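Visitor: First to last, the protein sequences are chains A and B. For the first sequence, position 72 matches number 148 in my numbering, and the numbering has no gaps at all. For the second sequence, position 20 matches number 96 in my numbering, and the numbering has no gaps at all.
In short, the hints are calculated from the structure, not lab data. For clarity, every value in this text was computed on a predicted model and none was experimentally measured. Hints should not be assumed to be uniformly reliable.
The list makes no distinction among identical chains, and a pair is therefore deemed to hold if it is satisfied within one copy or across any two copies.
[Stated by the list, open to error] Restricting the straight-line Cα-Cα distance to at most 27 angstroms, the calculated cross-link-like pairs of lysine-lysine (DSS-like) are:
hint, residue 1, residue 2
1, K116, K138
2, K80, K237
3, K211, K405
4, K138, K110
5, K202, K185
6, K208, K90
7, K185, K80
8, K329, K208
9, K329, K394
10, K189, K156
11, K208, K408
12, K378, K329
13, K211, K329
14, K329, K119
Protein chains: 2
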Amino acid sequence: MIPKPYLLFIGEAKDELAIKTAAGIYEWRPNWCKGQYVYKEAKVHLNLPSYNFTEAAEHGIKTMVIGIVNAGGVLSERWKQTIVEAIDSGLNIASGMHVRLSSIPEINKAAIKNNIDLFDLRFNDKTFPTGKGTKRSGKRLLTVGTDCSVGKKYTALAIEKAMRAEGIDAEFKATGQTGVLIAEKGIAVDAIISDFISGAVEWLTPDNKNDHWDIIEGQGSLFHPSFAGVSLGLLHGSQPDAFILCHEPTRTKMRGVETLLPSLDLCIEENIRLGRLTNPNIHCAGIALNTSVMSTDPKKLKDEISAKYNLPCVDPLKDDLAEIISTLKNIK
Amino acid sequence: MIPKPYLLFIGEAKDELAIKTAAGIYEWRPNWCKGQYVYKEAKVHLNLPSYNFTEAAEHGIKTMVIGIVNAGGVLSERWKQTIVEAIDSGLNIASGMHVRLSSIPEINKAAIKNNIDLFDLRFNDKTFPTGKGTKRSGKRLLTVGTDCSVGKKYTALAIEKAMRAEGIDAEFKATGQTGVLIAEKGIAVDAIISDFISGAVEWLTPDNKNDHWDIIEGQGSLFHPSFAGVSLGLLHGSQPDAFILCHEPTRTKMRGVETLLPSLDLCIEENIRLGRLTNPNIHCAGIALNTSVMSTDPKKLKDEISAKYNLPCVDPLKDDLAEIISTLKNIK
Numbered sequence: 077m078i079p080k081p082y083l084l085f086i087g088e089a090k091d092e093l094a095i096k097t098a099a100g101i102y103e104w105r106p107n108w109c110k111g112q113y114v115y116k117e118a119k120v121h122l123n124l125p126s127y128n129f130t131e132a133a134e135h136g137i138k139t140m141v142i143g144i145v146n147a148g149g150v151l152s153e154r155w156k157q158t159i160v161e162a163i164d165s166g167l168n169i170a171s172g173m174h175v176r177l178s179s180i181p182e183i184n185k186a187a188i189k190n191n192i193d194l195f196d197l198r199f200n201d202k203t204f205p206t207g208k209g210t211k212r213s214g215k216r217l218l219t220v221g222t223d224c225s226v227g228k229k230y231t232a233l234a235i236e237k238a239m240r241a242e243g244i245d246a247e248f249k250a251t252g253q254t255g256v257l258i259a260e261k262g263i264a265v266d267a268i269i270s271d272f273i274s275g276a277v278e279w280l281t282p283d284n285k286n287d288h289w290d291i292i293e294g295q296g297s298l299f300h301p302s303f304a305g306v307s308l309g310l311l312h313g314s315q316p317d318a319f320i321l322c323h324e325p326t327r328t329k330m331r332g333v334e335t336l337l338p339s340l341d342l343c344i345e346e347n348i349r350l351g352r353l354t355n356p357n358i359h360c361a362g363i364a365l366n367t368s369v370m371s372t373d374p375k376k377l378k379d380e381i382s383a384k385y386n387l388p389c390v391d392p393l394k395d396d397l398a399e400i401i402s403t404l405k406n407i408k
Numbered sequence: 077m078i079p080k081p082y083l084l085f086i087g088e089a090k091d092e093l094a095i096k097t098a099a100g101i102y103e104w105r106p107n108w109c110k111g112q113y114v115y116k117e118a119k120v121h122l123n124l125p126s127y128n129f130t131e132a133a134e135h136g137i138k139t140m141v142i143g144i145v146n147a148g149g150v151l152s153e154r155w156k157q158t159i160v161e162a163i164d165s166g167l168n169i170a171s172g173m174h175v176r177l178s179s180i181p182e183i184n185k186a187a188i189k190n191n192i193d194l195f196d197l198r199f200n201d202k203t204f205p206t207g208k209g210t211k212r213s214g215k216r217l218l219t220v221g222t223d224c225s226v227g228k229k230y231t232a233l234a235i236e237k238a239m240r241a242e243g244i245d246a247e248f249k250a251t252g253q254t255g256v257l258i259a260e261k262g263i264a265v266d267a268i269i270s271d272f273i274s275g276a277v278e279w280l281t282p283d284n285k286n287d288h289w290d291i292i293e294g295q296g297s298l299f300h301p302s303f304a305g306v307s308l309g310l311l312h313g314s315q316p317d318a319f320i321l322c323h324e325p326t327r328t329k330m331r332g333v334e335t336l337l338p339s340l341d342l343c344i345e346e347n348i349r350l351g352r353l354t355n356p357n358i359h360c361a362g363i364a365l366n367t368s369v370m371s372t373d374p375k376k377l378k379d380e381i382s383a384k385y386n387l388p389c390v391d392p393l394k395d396d397l398a399e400i401i402s403t404l405k406n407i408k
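Put together the whole structure using the sequences plus the hints.
Guide: Now the structure itself:
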């Protein structure tokens with residue numbers, strides 16, 4: 077367990093998507109977050125006080141969490157200096173970056189000198205077997221997407237919350253760095269050696285009671301040229317009974333590339349077609365619309381989508397999830 | 077470059093598939109291979125003299141290559157002892173295993189003591205960017221499969237050879253441990269962190285002259301529940317103009333799992349459907365039948381398949397590849 081409370085490092089934050097780790101932790105675990113650490117030129121902030129390291133210590137903060145994406149996986153000199161400064165002020169560091177904190181000599185040296193802990197959430201030293209594709213007991217829901225960063229994690233967390241409120245035995249299964257920081261367990265599958273993606277997810281969501289639901293956080297999109305392999309391994313390893321398709325309706329191109337977004341139809345069909353390999357009964361249980369950046373009233377769009385696909389279409393952070401939960405309850 | 081010639085370690089070899097690394101190196105680089113090291117209970121052998129380490133040294137052998145799959149990724153005590161013994165006899169060691177030779181204290185210690193080299197072909201300390209999916213110049217062929225271990229590497233190597241014989245500028249691009257051992261370059265993509273599969277393949281097969289062909293070794297199968305994610309990342313990263321579907325007709329279940337083999341139709345369709353994301357002009361240029369274990373004359377089957385799909389169907393190790401090469405030449 078990572079010592080709490082947290083100072084969320086968002087550095088030079090350029091846009092909301094860049095700080096989705098910080099925003100995710102703050103949204104789902106607000107009590108863990110006491111402040112943010114921001115560079116002057118940042119374009120976005122969290123609704124938290126900005127502290128320097130002395131102030132953070134005065135407020136009892138124990139750990140600085142890297143809450144911003146490091147573009148291209150490179151850790152800048154500036155970040156390195158900031159992290160070392162935080163360590164010298166007595167803070168532990170938690171990170172979900174692709175680079176291991178302890179592999180950076182300056183950071184490792186400072187950590188040893190100050191006797192603080194470095195938490196590298198993306199790394200998992202466990203060895204996994206390769207996937208088997210054999211049917212497991214218990215029920216599984218996977219959130220899939222038309223793109224990266226469209227609300228798969230939030231949807232899974234919202235469904236877990238709503239199911240638990242109805243007394244259903246449901247558990248969020250984190251598959252990404254932010255999810256792992258929120259759940260304090262799980263696997264960042266995008267950091268797994270590619271031969272073991274589906275095997276790792278099989279391990280994460282093992283046999284369970286018949287009425288237990290694993291609510292698995294999806295990653296990427298089957299249509300994203302950078303990450304579709306991860307999405308497919310996750311789909312096969314999850315062998316979901318049901319999936320929710322997550323979509324951000326103002327997006328035209330996929331995150332970070334020039335590829336256009338697939339249609340909802342195509343996305344539903346492809347997840348069913350490919351998902352059948354490990355669960356012939358897979359089906360789509362609803363559409364989760366991330367309406368946070370829509371400038372118009374989302375009601376009309378939700379109604380249209382719902383009518384077109386004959387499926388519930390909701391914003392899981394704003395709307396009632398009763399219809400989706402009731403669909404899931406009927407899955408035998 | 078790994079010092080040659082080689083002693084191929086095949087240990088307790090249970091079947092032909094278990095020693096496909098050794099057999100592949102011996103098939104394609106026979107001049108590099110001078111002997112094999114075999115345990116008494118082995119069920120299969122290569123057509124090479126069996127040497128102990130003293131004999132290997134007497135025959136001028138410089139390196140022992142691990143030519144057998146270590147089941148479940150675990151290195152047995154017995155193998156460990158054998159490898160240390162080989163090192164103590166002055167041999168370098170080359171391995172494509174998922175475990176790094178130098179991470180095993182006994183092996184590392186022996187290597188330092190004897191001043192020999194450890195070659196871990198599966199590991200690549202390079203960092204890759206994520207895939208972009210942008211169209212690159214030059215032409216690419218990918219070998220895909222109905223299953224693992226059906227002849228994708230041999231098909232790619234045979235096509236490279238046949239194209240070069242016709243004066244075409246073609247280069248085999250290795251994506252697995254055996255391929256890397258044969259080509260002495262390439263990337264074992266199954267050992268890449270899953271976020272970077274397609275990016276690594278984009279790096280491996282960059283922009284090139286319009287009439288240059290990269291002949292890319294495929295991995296796994298889109299229908300294999302353990303490895304489909306790797307296959308999809310490879311398909312997207314390769315953005316192939318053409319693919320050859322490789323198939324072993326006596327296989328009923330997929331390697332290592334209970335999943336049935338997909339039909340050729342389904343496999344062709346799925347590779348086209350998914351491959352279109354990064355190359356809308358992808359098409360199937362032929363079917364490569366691995367007839368090595370067929371007990372009947374394969375001619376009838378090849379003719380049937382060829383007629384059914386209106387595509388060349390050949391065993392690339394036995395038959396003429398002219399029809400396939402001519403199809404490829406016509407690709408603009």
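Visitor: Give a verdict on every hint.
Guide: Hints, verified against the model:
For a Cα distance limit of 27 angstroms, the shortest separation of K116 from K138 inside one copy, 23 angstroms, qualifies, whereas the shortest one across copies, 60 angstroms, does not. Taking CA atoms no more than 27 angstroms apart as the test, K80 paired with K237 passes inside one copy only; the shortest distance there is 22 angstroms, against 61 angstroms between copies. For a Cα distance limit of 27 angstroms, the shortest separation of K211 from K405 inside one copy, 20 angstroms, qualifies, whereas the shortest one across copies, 45 angstroms, does not. In this homomeric assembly, K138 and K110 come within 27 angstroms of each other (Cα to Cα) only inside a single copy, at 10 angstroms, whereas the closest approach across copies is 61 angstroms.
Taking the closest pair of Cα atoms, K202 and K185 come within 27 angstroms of each other both inside a single copy (25 angstroms) and across two copies (24 angstroms). For a Cα distance limit of 27 angstroms, the shortest separation of K208 from K90 across copies, 21 angstroms, qualifies, whereas the shortest one inside one copy, 42 angstroms, does not. In this assembly of identical chains, the alpha carbons of K185 and K80 lie at most 27 angstroms apart only when taken from the same copy (23 angstroms versus 42 angstroms across copies). For the identical chains of this complex, K329 and K208 are inter-copy neighbours only, at 12 angstroms across copies versus 35 angstroms inside a copy, given an alpha-carbon limit of 27 angstroms.
When the C-alpha separation of K329 and K394 is checked against a cutoff of 27 angstroms, the pair qualifies only within one copy, where the shortest distance is 25 angstroms, while the shortest distance between copies is 47 angstroms. In this assembly of identical chains, K189 and K156 lie within 27 angstroms of each other by CA distance solely inside one copy; the values are 16 angstroms within and 38 angstroms between copies. Taking the closest pair of Cα atoms, K208 and K408 come within 27 angstroms of each other only inside a single copy of the chain (23 angstroms); across copies the shortest separation is 41 angstroms, beyond that limit. Only within a single protomer do K378 and K329 lie at most 27 angstroms apart by alpha-carbon distance; the minimum there is 21 angstroms, versus 44 angstroms between protomers.
For a Cα distance limit of 27 angstroms, the shortest separation of K211 from K329 across copies, 16 angstroms, qualifies, whereas the shortest one inside one copy, 36 angstroms, does not. Taking identical chains as interchangeable, the C-alpha atoms of K329 and K119 lie at most 27 angstroms apart only when both belong to the same chain, with a minimum of 22 angstroms there against 55 angstroms between chains.
Checked against the numbered hints listed earlier, the structure breaks none of them; every hint is satisfied.
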